[in-house]
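Student: Chain by chain, the residues:
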Amino acid sequence: MSGLVILIPIALLMGLAGLAAFVWAVRAGQFDDPDGAAARILLDTDAPLPNSALGRPGPGNAEA
Amino acid sequence: MTTVALDTAGCPSGLAPPSATNAADPSPFVRRVGNQDRLSLTVRGAKCGACLARIEGAVAVLPGVDTARLNLSTGRLDIAWTGDLSAQRIARTVSDLGYGVAPLDTRAGDAGHKKEEQSLLLAMGVAGFATANIMLLSVSVWGGNGEMGEATRQGLHAVSGLIALPTLLFSGRPFFRSAWNVLKRRHTNMDVPISLALILAFSVSVAETIRGGEHAYFDAACMLLFFLLIGRFLDARVRRRAYSAARDLAALASRTVTRVSHTGTHEPVRAEDMRPGDRILLAPGERAVVDMMIEQGESEIDESLVTGESLPRFSAAGMQVMAGSINLSQPLTGRATAASADSLLSDIGRMLEAGEQKRGAYRRIADRAVSLYVPIVHSTALLTFLGWWLSGLGLRESILIAVSTLIITCPCALALAAPVVQVVAAGRLFRGGAYLKSGDALERIAACDHVVFDKTGTLTLGTPRLISNHVPAGTLQDAAQLARASRHPLSRALTAAAGPGPLAANVKERPGLGLEGTVNGMACRLGSAEWTGARDSFHNGASLFFVRGTELPLELRFEDDIHASASATIASLRKLGLGVEIVSGDRSDAVAEVARTLGIDQWTAAASPQDKVLRLEQLQAEGKHVLMVGDGLNDAGALALAHASAAPGGALDVSQSASDAVYSGGLAPLPLLVRTARKARHVMLQNFGFAAVYNLVAVPIAILGHATPLVAAIAMSGSSLIVCLNALRLNLPSEKPA
Chain V
0 MSGLVILIPI ALLMGLAGLA AFVWAVRAGQ FDDPDGAAAR ILLDTDAPLP NSALGRPGPG
60 NAEA
Chain H
0 MTTVALDTAG CPSGLAPPSA TNAADPSPFV RRVGNQDRLS LTVRGAKCGA CLARIEGAVA
60 VLPGVDTARL NLSTGRLDIA WTGDLSAQRI ARTVSDLGYG VAPLDTRAGD AGHKKEEQSL
120 LLAMGVAGFA TANIMLLSVS VWGGNGEMGE ATRQGLHAVS GLIALPTLLF SGRPFFRSAW
180 NVLKRRHTNM DVPISLALIL AFSVSVAETI RGGEHAYFDA ACMLLFFLLI GRFLDARVRR
240 RAYSAARDLA ALASRTVTRV SHTGTHEPVR AEDMRPGDRI LLAPGERAVV DMMIEQGESE
300 IDESLVTGES LPRFSAAGMQ VMAGSINLSQ PLTGRATAAS ADSLLSDIGR MLEAGEQKRG
360 AYRRIADRAV SLYVPIVHST ALLTFLGWWL SGLGLRESIL IAVSTLIITC PCALALAAPV
420 VQVVAAGRLF RGGAYLKSGD ALERIAACDH VVFDKTGTLT LGTPRLISNH VPAGTLQDAA
480 QLARASRHPL SRALTAAAGP GPLAANVKER PGLGLEGTVN GMACRLGSAE WTGARDSFHN
540 GASLFFVRGT ELPLELRFED DIHASASATI ASLRKLGLGV EIVSGDRSDA VAEVARTLGI
600 DQWTAAASPQ DKVLRLEQLQ AEGKHVLMVG DGLNDAGALA LAHASAAPGG ALDVSQSASD
660 AVYSGGLAPL PLLVRTARKA RHVMLQNFGF AAVYNLVAVP IAILGHATPL VAAIAMSGSS
720 LIVCLNALRL NLPSEKPA
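Chains as they are written, first to last, in numbering that gives the first Met the number 0: chain V, 0 to 63; chain H, 0 to 737.
One chain only, chain V, in its complex shape (with noise of 0.2 angstroms):
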């Protein structure tokens, strides 16, 4: 039974981190946009790489 005074207070803790997550969520806007939220994720944001970066290794295949 002792094992319930440690066990019942960590359940909270972690229910109580997820209503911190979802109050941070809705406080910053998150739920504002669900249709462009739904878009979002599969715009293809990728720019052509500049000339300059051309040239130069990339944080990829740095070596050194």
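Since the hints were made in silico from the structure, they are not lab data.
Quick caveat: nothing in here was measured; it's all calculated off a predicted structure.
Treat the hints with care, since some could be wrong.
Unchecked claim - Facing chain H, according to a computed beta carbon distance under 7 angstroms, are these residues of chain V, among others:
#	residue
1	Leu18
2	Ala19
3	Val25
4	Pro33
5	Leu42
Claimed, not checked - Cβ-Cβ distance ranges computed for the label pairs, FRET-style:
#	chain 1	residue 1	chain 2	residue 2	range
6	H	Gly393	V	Ile5	34 to 40 angstroms
7	H	Leu684	V	Ala16	40 to 46 angstroms
8	H	Arg363	V	Pro33	24 to 30 angstroms
9	H	Ala315	V	Leu42	48 to 54 angstroms
10	H	Gly111	V	Leu42	28 to 34 angstroms
11	H	Asp83	V	Ala16	43 to 49 angstroms
We put the beta carbon where it would ideally sit given N, CA and C, even for glycine.
The hints should help you fit chain H onto chain V, whose structure is shown.
Tutor: Using the frame of chain V, we list chain H on its own:
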């Protein structure tokens, strides 16, 4: 700048085609925050991810722009920039992509609605958290029944109560506030029994916990809140969508006007700051926002949205231009004859309000159900208490049973029955090309038994199409070289037929007559019979004449095409049992022609906006429920008055605001709209039926004192689930496609 009259393609899935009007100068609406300038624009027609990327991308690369973010749900584009970028350039950038754009007055924004929706969402989240956690504890109490020690049970109840109290205080506020407000006015609504059940359930549970009793209803109280808030949130979301559509009316009215000061300088001012007598410059392509008297200049005025007349009217000094008309060819200077608030546009705005007030008298099915429900539930609970108490049960037990009756009858299913159906139906209609604007629209559309159509732009495309197919291709190309310089609808139709190509040299436009210019070294003219020296035509519609050098004038005939889907739509509407009628502001012969083609016997031509309203009142006096379908400013009054109304996506903002639904892609979505609305009403009634049956089963159990917290939890979630699943049935394909 030469405007090449090409049909700019908007979003393929866009409801509103790009408007032909110029973007008004939004600079009076720029707000300065620190060293940053901010502007909010309403963008019409952006409906998909590609639109979003195109618009944001184009604005973001303008010099000095820090952020550009488009809200796809509301069509609001927020831009922040530093430096001397002009607001006009931003608006022009968006309108050049083919989207309609208007400055948004943030003072008249929908901040209140947004806040309400957000607080409901927060309340729902908190209630959901509390329900889940209390349920965790409750399940162990129920599971450990008999074996669990009394102290442990009391401890678990106490923890539940500690979670429930703040939840009740936070998430219960919308219900308590609304219940208190109606009680003060000695009325009652659904929130009164809800609040009572919540408070009683909580107080009784606290008392039981302190006493070390077996049953506490903390979980039931929180679950109740959670389900009710879901319904409330969905309802608020539907209403806010409806409101943001109505806000477009304000966006239209808050356009800017170019005022000419006495020193001759031009300055953009807000339309509402205009005074009668102010001098105004109306640029080609611009829409008049106040009524004005022309003093200087000659041009052609497109009044199709004001009067329904499909052909432009020649206007010169001394003539009146009504708000809502579009200047087509030459700049006009004139004096405002009325302030923006007294202009025709505002008159129509007032007609809208009057119509909406009449319509406001409509009582939703849900409200009617509640007015039946509240007295029954309360007297049942009271009788249960009195019955048990008088038959000798203790006061505490009697109260406990009465409260459990109140909890179990609490209208979870009732509160979800309508909003869930509305949301599902709106989603289905959206995929079918119709966009629902108000929650109760479905119920009203379902009741309609008569459809009144406007002609121009509704049954017909509203844009003329070249029907002379004997014209040699070379001649057509030559004529198009002239036509590309003009905004006249016939010129645009000619250009559309000819496709892209060069522009003739030295093109001059003479308002009311036509165009002249040099094509391949030959002087050419395109325009009226008089302008080209031709004999008048016998064509029962619009025609243009083209003359090249000394050749004989050639007639080009145009016709306002009927929508390809019109006859099929009218047939299926008739099959659904609706009467069909046309009421148009256009000429009698044009209306008769369309009515004959579509086989509609009842039609009225040359109807003024007031005539349309009168005809609708007449039909309503006959006991008919009218569904009005129209697009013009002249239809707006009728749209607002009708029992239900729909407007095509290309309609003027005012008309879209006045109607319950907006549809796109021809007339085909109309039968779908009626069918879905009828089915939605059916499902809604079914849901209320379910809620009633549920109560019939649950109430006796509660009255007999068997409604333990476990029974309440199962019954409440079970009934809510059934109602939601039943609403989802709307998404199933119902019948074979015709």
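Student: Take the hints in turn and mark each one as holding or not.
Tutor: To see whether the hints hold, each was checked on the structure:
1. Leu18: holds, 4 angstroms
2. Ala19: violated, 10 angstroms
3. Val25: holds, 5 angstroms
4. Pro33: holds, 6 angstroms
5. Leu42: holds, 5 angstroms
6. H:Gly393 <-> V:Ile5: 34 to 40 angstroms: Taking Cβ atoms as reference, Gly393 of chain H and Ile5 of chain V lie about 39 angstroms apart, which means the hint holds.
7. H:Leu684 <-> V:Ala16: 40 to 46 angstroms: Hint holds: Cβ distance 43 angstroms, inside 40 to 46 angstroms.
8. H:Arg363 <-> V:Pro33: 24 to 30 angstroms: holds, 25 angstroms
9. H:Ala315 <-> V:Leu42: 48 to 54 angstroms: Because 50 angstroms falls inside the window, the suggested range holds.
10. H:Gly111 <-> V:Leu42: 28 to 34 angstroms: holds, 31 angstroms
11. H:Asp83 <-> V:Ala16: 43 to 49 angstroms: At 47 angstroms between Cβs, range holds.
Checked against the numbered hints above, the structure violates only hint 2.
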